[in-house]
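What the sequence shown shows, in this note's numbering, is residues -3 to 242, in sequence order.
No lab work stands behind these hints, which were simulated from the structure alone.
There's no promise every hint is true.
Straight line, CA to CA, 30 Å or less: simulated BS3-like cross-link-like pairs of lysine-lysine [unchecked claim]:
{"no.": "1", "residue 1": "Lys141", "residue 2": "Lys160"}
{"no.": "2", "residue 1": "Lys113", "residue 2": "Lys141"}
{"no.": "3", "residue 1": "Lys104", "residue 2": "Lys141"}
{"no.": "4", "residue 1": "Lys130", "residue 2": "Lys113"}
{"no.": "5", "residue 1": "Lys104", "residue 2": "Lys48"}
{"no.": "6", "residue 1": "Lys130", "residue 2": "Lys104"}
{"no.": "7", "residue 1": "Lys160", "residue 2": "Lys130"}
{"no.": "8", "residue 1": "Lys141", "residue 2": "Lys48"}
{"no.": "9", "residue 1": "Lys113", "residue 2": "Lys48"}
{"no.": "10", "residue 1": "Lys164", "residue 2": "Lys130"}
{"no.": "11", "residue 1": "Lys164", "residue 2": "Lys104"}
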Amino acid sequence: MIGTSENVKKGSILAAMFVLPACLVAVAFSQHSSTETSGDEGRIRRVVREAKARGDTEVALSPPIPLPTGVSSVDEVVALYSIVIVEPVQTLVSLADPDAIETWCKLKVLEWLVRQKMTDDEPRIPSALLPVPKDELVVVHSGGKAIIDGVTVTEQSYDNLSFKTSRKYLLFVLLSRRAQYADLAAGSSSAFLVRPDDTLEPLTRLSYPLVDDVRRVSGGVLSVFREAVRSRLDVECTPSLNTVRT
-3 MIGTSENVKK GSILAAMFVL PACLVAVAFS QHSSTETSGD EGRIRRVVRE AKARGDTEVA
57 LSPPIPLPTG VSSVDEVVAL YSIVIVEPVQ TLVSLADPDA IETWCKLKVL EWLVRQKMTD
117 DEPRIPSALL PVPKDELVVV HSGGKAIIDG VTVTEQSYDN LSFKTSRKYL LFVLLSRRAQ
177 YADLAAGSSS AFLVRPDDTL EPLTRLSYPL VDDVRRVSGG VLSVFREAVR SRLDVECTPS
237 LNTVRT
């Protein structure tokens, strides 16, 4: 694969900066959904306390603004990240971060198109999602809905990203060391719905260079995209004619 460990590490840091604020939660897309809480008061519990003081039973938090990752082409994704087709199977709404609602999603891996050689450090996965089988991944994004002390708190995202069960998605991700956890490589522009007719629909409603490049190389068709990825992998694996032989 093209790139160095330093480039991958930089990509992982940027991806982590982007993925958490870049998604809208699908709070309960499976019957296994649950909620974790933290005892530390922060932004979330302060908002709840203020809502109760006003007599409110519902409160909505403004969506955070995502930061760009710099990943803008299919070539970059093939070189430094992993490409996988998945289906959501479980979700966990977490309040472990006192300042934000997070949603952890467990995804069934249906197909690997690219699997990176270099991997990033793995965060702590909530115990309710463990164990993670070899054919599954866990991702986390900010946003979600939780009932705290009788107050329904909803935190949305800038780009309204959500995953639903019984649907397939094409994702560009950065894998953890044990390939159990994955960060989206470029936030919401890393996720595409795979329709039954094999077409790809970006989940983002906004315009991103990476989404445009996927359309350019695939025409919005998964089978065409798969072949485009394979051709790039073949080029990477082909020795250069300028290689000095001894």
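Hint check results:
1. For a cut-off of 30 Å, the pair hint linking Lys141 to Lys160 stands: about 15 Å separates their Cα positions.
2. At most 30 Å may separate the alpha-carbon atoms for a hinted pair to count; Lys113 and Lys141 exceed this at roughly 36 Å.
3. A threshold of 30 Å between alpha carbons decides the hint, and for Lys104 with Lys141 the separation of about 23 Å falls inside it, so the pair holds.
4. A hinted pair counts as satisfied when its Cα atoms are at most 30 Å apart, and Lys130 with Lys113 qualifies at roughly 16 Å.
5. In summary, the hint linking Lys104 to Lys48 is not supported, as the alpha carbons are separated by about 40 Å, beyond the 30 Å threshold.
6. Taking the CA atoms of Lys130 and Lys104, the gap is near 9 Å; set against the 30 Å cutoff, the hint holds.
7. For the suggested pair Lys160 and Lys130, the alpha carbons sit about 21 Å apart, so the restraint of at most 30 Å is met.
8. Taking the CA atoms of Lys141 and Lys48, the gap is about 17 Å. The hint holds against a cut of 30 Å.
9. Between the alpha carbons of Lys113 and Lys48 the distance comes to roughly 50 Å, so the proposed pair goes past 30 Å and is violated.
10. For the hint linking Lys164 to Lys130, the alpha-carbon distance of about 18 Å falls within 30 Å, and the restraint holds.
11. Simply put, Lys164 and Lys104 have alpha-carbon atoms about 9 Å apart, close enough for the 30 Å limit, and the pair holds.
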